[in-house]
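Take the sequences, apply the hints, and build the full model.
Protein chains: 2
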Amino acid sequence: MNTEPRLVEVRRNVLKENDHLARGLRERFRKARVRVISLVSSPGSGKTAFLEKTLTMLRDSYRVAALVGDLATDNDAMRLARSQVPVKQITTGTVCHLEAAMIDRALAGLNLAELDFLFIENVGNLVCPSSYDLGEDLRLVLLSVTEGEDKPLKYPTIFNSADVAVLTKIDLAAVVEFDDAAANRNIQAIRPGMQVFRVSAKTGEGLDKWSSFLTSRADRTNDRETMRIP
Amino acid sequence: MNTEPRLVEVRRNVLKENDHLARGLRERFRKARVRVISLVSSPGSGKTAFLEKTLTMLRDSYRVAALVGDLATDNDAMRLARSQVPVKQITTGTVCHLEAAMIDRALAGLNLAELDFLFIENVGNLVCPSSYDLGEDLRLVLLSVTEGEDKPLKYPTIFNSADVAVLTKIDLAAVVEFDDAAANRNIQAIRPGMQVFRVSAKTGEGLDKWSSFLTSRADRTNDRETMRIP
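Chains W and S, in that order, are what the protein sequence lines are.
Oh and the first sequence: position 153 is 178 in our numbering, straight run, nothing missing.
Oh and the second sequence: position 39 is 64 in our numbering, straight run, nothing missing.
There's no promise every hint is true.
It does not matter which identical chain is meant; a pair holds if it fits inside one copy or across any two.
[Unchecked claim] Taking lysine to any residue and the SDA-like style, the derived pairs with C-alpha atoms no more than 20 Å apart in a straight line are:
id, residue 1, residue 2
1, Lys-227, Asp-175
2, Lys-113, Ser-236
3, Lys-227, Val-201
4, Lys-78, Val-201
5, Lys-113, Leu-178
No lab work stands behind these hints, which were simulated from the structure alone.
Remember, predicted model here, so these are calculated numbers, not experimental data.
Here's what the structure looks like:
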């Protein structure tokens with residue numbers, strides 16, 4: 026018995042349903058004038074540490090919240106809560122990605138109109154999240170220097186689905202003999218012209234550039250007078 | 026429209042079919058007296074480097090081969106080929122795990138009766154491979170010290186599906202302030218009694234213990250006179 030064709034067909038319906046929900050979310054985000062940024066990467070790439078720094082940098086000037094997905098535990102929500110920003114954990118059980126319906130449910134208690142930025146940290150996975158639109162404006166793919174320069178070539182779909190790449194843990198670049206030129210070449214081979222940030226949540230290196238990108242882009246794109254908290 | 030229940034049902038059929046095929050593979054492996062060891066981990070944990078060292082250590086005394094799964098590229102097969110052991114790449118496209126049917130197809134050119142060890146390197150993913158039995162005797166879950174001590178708690182299913190844990194890149198333990206006791210506590214919380222190896226493919230640390238475990242276990246379990254190449 027070969028059940029694969031039927032699985033593919035059902036999967037396609039799920040994706041169609043997800044795309045439909047994601048379009049609805051994008052429309053809600055646009056109306057509420059909240060900028061939504063999602064983060065994908067493999068487990069242990071440093072998404073949470075990077076996001077904690079980002080939330081902490083933004084919170085004095087902007088109204089910020091975060092959703093964070095994991096199969097199990099609310100460890101990441103507790104870590105992110107240290108930034109003193111509202112954070113909600115989405116526990117997916119055995120599901121290896123977030124879906125638009127999960128985002129929709131998690132938004133229940135949040136007033137989007139009172140937010141400038143909403144961050145969504147996906148489940149740590151370089152495959153599953155790539156096909157699921159979450160209605161975000163910007164998708165970041167993170168890659169730590171300890172993972173190796175070849176990952177964009179080996180996981181092309183997720184690098185292709187993302188808008189911006191962030192090389193994390195660059196404080197370890199020398200000790201792991203990270204080949205930055207090769208990594209960049211591989212990223213550009215998959216996603217020509219992709220912007221690449223290089224950061225260390227530990228030393229703070231590169232976070233200023235990232236922060237400028239984020240705030241300038243938000244201000245420009247949304248053209249909001251209410252963007253900054255008075 | 027909620028398509029989830031139907032998806033779950035189809036997925037269950039696929040798994041049933043996979044379990045059936047995996048039972049067949051296990052029987053073939055047993056008859057051929059080949060010991061089959063699979064490796065799972067997140068992307069960039071060092072599966073390929075660890076496997077290359079393992080193949081190189083074993084090849085003078087044992088007849089060894091490897092299958093290696095990736096979404097795209099045959100980079101890993103080329104890296105593993107440096108060990109001068111027969112290696113076959115399985116390219117999965119968008120599928121985030123290996124399945125028994127893929128192993129079955131990849132075995133076409135290999136004479137199992139002429140092998141002592143067959144290694145199967147799964148796609149880098151801490152979620153998808155957990156439900157797919159490949160007919161292996163032993164499943165290793167690898168975790169690099171750079172990924173953080175919390176991963177067993179956040180990806181319990183895959184740690185639970187594995188028989189042995191391998192902490193990799195331990196040469197970096199000090200620089201990333203890896204908390205070995207916490208990691209071990211988390212592994213034991215998910216899989217009580219799980220044996221844990223600590224290795225560095227770079228410095229060679231811990232590889233002797235791993236090698237002894239592998240060969241003693243193989244000799245004992247299979248009780249083979251033909252195990253060692255004369």
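Hint check:
Taking the closest pair of Cα atoms, Lys-227 and Asp-175 come within 20 Å of each other only across two copies (18 Å); inside a single copy the shortest separation is 24 Å, beyond that limit. Taking the closest pair of Cα atoms, Lys-113 and Ser-236 never come within 20 Å of each other, the shortest separation being 22 Å inside a single copy and 45 Å across copies. Taking the shortest alpha-carbon separations for Lys-227 and Val-201, both the intra-copy value of 16 Å and the inter-copy value of 10 Å come in at or below 20 Å. Proximity of Lys-78 and Val-201 under a CA criterion of 20 Å is satisfied inter-copy only: 18 Å between copies versus 23 Å inside one chain copy.
Taking the shortest Cα distances, Lys-113 and Leu-178 sit within 20 Å of each other only across copies (18 Å), while inside one copy they are farther apart (33 Å).
Of the numbered hints stated above, the single one contradicted by the structure is hint 2.
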